[in-house]
Amino acid sequence: MDGLVYNKDDIIRALTEAGLQDGDTAYFSTSLGMIGVAEGVKNPNDLNHLFFEAITKVLGKTGTLLVPSYSYTFNNDNRNKPNTFDPETTPANVGPFASFFLKQKGVIRSMDPMMSVAGLGIHAEQLFKELPPTSYGDDSLYARLVHHPYTKCVSLGLGPNWVPFLHHADWLAQVPFRYDKLFFGKIKQCAKIKDIYWVYSVRALIDQSIADAHRLGEMAVERGIWSHAPLGRARIYACDYKKLFDFTMDLLKDNK
1 MDGLVYNKDD IIRALTEAGL QDGDTAYFST SLGMIGVAEG VKNPNDLNHL
51 FFEAITKVLG KTGTLLVPSY SYTFNNDNRN KPNTFDPETT PANVGPFASF
101 FLKQKGVIRS MDPMMSVAGL GIHAEQLFKE LPPTSYGDDS LYARLVHHPY
151 TKCVSLGLGP NWVPFLHHAD WLAQVPFRYD KLFFGKIKQC AKIKDIYWVY
201 SVRALIDQSI ADAHRLGEMA VERGIWSHAP LGRARIYACD YKKLFDFTMD
251 LLKDNK
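Residue numbers (our numbering): 1 to 256.
Keep in mind that a hint or two might mislead.
[As the list claims (entries may be wrong)] FRET-style restraints, in silico, Cβ to Cβ:
#1 D138 / S209: 19 to 29 angstroms
#2 V199 / E125: 22 to 32 angstroms
#3 V199 / G40: 41 to 51 angstroms
#4 L252 / K81: 30 to 40 angstroms
#5 P82 / V5: 44 to 54 angstroms
#6 A173 / V37: 40 to 50 angstroms
#7 D254 / Q126: 15 to 25 angstroms
#8 K81 / K57: 43 to 53 angstroms
#9 Y150 / G106: 38 to 48 angstroms
#10 Y72 / K256: 35 to 45 angstroms
#11 I206 / N76: 33 to 43 angstroms
#12 A173 / P133: 14 to 24 angstroms
#13 K81 / P149: 38 to 48 angstroms
#14 G137 / N255: 17 to 27 angstroms
[Claimed, not checked] Listed next, the in silico DSSO-like pairs over lysine-lysine satisfying Cα-Cα at most 30 angstroms (straight line):
#15 K253 / K243
#16 K103 / K194
#17 K61 / K8
#18 K8 / K243
#19 K181 / K242
#20 K61 / K105
#21 K105 / K57
#22 K192 / K129
#23 K105 / K188
#24 K57 / K103
#25 K129 / K81
No lab work stands behind these hints, which were simulated from the structure alone.
Every residue, glycine too, gets a C-beta built ideally from N, C-alpha and C.
Can you make the complete structure from the sequences, with help from the hints?
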């Protein structure tokens with residue numbers, strides 16, 4: 001059991017050893033329950049708060065924390081009764097840490113009814129400003145992060161196969177198993193509700209199109225792109241966003 005137990009200092013140490021630094025913009029994918037037993041934690045809220053404090057400590061006052069808050073609000077849209085995405089009230093559909101993060105002071109959320117991202121820090125507002133009506137492609141958040149300095153991907157309890165920009169890369173490579181689909185719904189912004197058409201890349205309904213980035217993750221680890229540090233019974237993985245993106249795009253040139 002002792003090998004599974006960790007505390008806040010252990011989280012800070014692991015994040016730092018994996019390569020996260022003060023001032024970074026970090027996109028976190030999380031499954032905190034996979035890591036082990038945290039000292040003094042009595043419930044999921046305690047666990048989320050523990051990691052939130054450790055992460056913001058490492059990123060410092062000039063860092064920016066990004067967390068996926070996907071809702072897929074338009075996924076089951078109906079032209080006669082469209083769904084409404086409200087960044088302040090629409091629940092995240094990607095686990096407890098995202099739901100916790102959305103409630104924290106100063107956190108904002110991108111205006112994406114499918115793949116919204118929540119952010120806290122000095123760069124969040126600019127990264128989310130005037131995004132196009134599509135989740136992937138030119139000037140999407142995932143495109144902007146490629147050129148944003150000091151941007152890292154961080155995986156807590158999930159391994160190196162969790163790649164934030166995976167389907168953005170698919171879109172750029174024009175893979176044959178995904179295609180653009182037009183959705184319709186409503187978005188609430190500044191107390192006003194407006195109709196909007198949204199382009200989202202969906203997978204072909206065949207087994208071969210099910211997302212699986214395990215091989216990509218393994219190859220990126222072998223290449224030294226992902227760094228890692230032990231924490232509890234798992235590892236914390238971190239890498240430079242652009243390096244992983246460029247590596248992925250090079251692979252997609254030869255094998256879509």
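The hints, checked one at a time:
1. D138 / S209: 19 to 29 angstroms: Given about 23 angstroms between the Cβ atoms, the range holds.
2. V199 / E125: 22 to 32 angstroms: Holds, at about 24 angstroms.
3. V199 / G40: 41 to 51 angstroms: 46 angstroms, holds
4. L252 / K81: 30 to 40 angstroms: 38 angstroms, holds
5. P82 / V5: 44 to 54 angstroms: 48 angstroms, holds
6. A173 / V37: 40 to 50 angstroms: Between A173 and V37, where Cβ atoms are some 41 angstroms apart, the hint holds.
7. D254 / Q126: 15 to 25 angstroms: 35 angstroms, violated
8. K81 / K57: 43 to 53 angstroms: 45 angstroms Cβ-Cβ, so the 43 to 53 angstroms window holds.
9. Y150 / G106: 38 to 48 angstroms: 20 angstroms, violated
10. Y72 / K256: 35 to 45 angstroms: Violated: the Cβ-Cβ distance is about 25 angstroms, outside 35 to 45 angstroms.
11. I206 / N76: 33 to 43 angstroms: Taking Cβ atoms as reference, I206 and N76 lie about 21 angstroms apart, which means the hint is violated.
12. A173 / P133: 14 to 24 angstroms: With Cβ atoms ~22 angstroms apart, the hint holds.
13. K81 / P149: 38 to 48 angstroms: 44 angstroms, holds
14. G137 / N255: 17 to 27 angstroms: 21 angstroms, holds
15. K253 / K243: Given that 30 angstroms is the threshold and the Cα spacing comes to 16 angstroms, the pair holds.
16. K103 / K194: 24 angstroms, holds
17. K61 / K8: 18 angstroms, holds
18. K8 / K243: Cα-Cα ~29 angstroms, so holds.
19. K181 / K242: Roughly 27 angstroms between the alpha carbons, so the hint for K181 and K242 holds.
20. K61 / K105: 14 angstroms, holds
21. K105 / K57: Since the Cα atoms of K105 and K57 sit roughly 15 angstroms apart, the hinted pair holds (cutoff 30 angstroms).
22. K192 / K129: 17 angstroms, holds
23. K105 / K188: 20 angstroms, holds
24. K57 / K103: 18 angstroms, holds
25. K129 / K81: 28 angstroms, holds
Going through the hint list in order, the structure does not satisfy hints 7, 9, 10 and 11.
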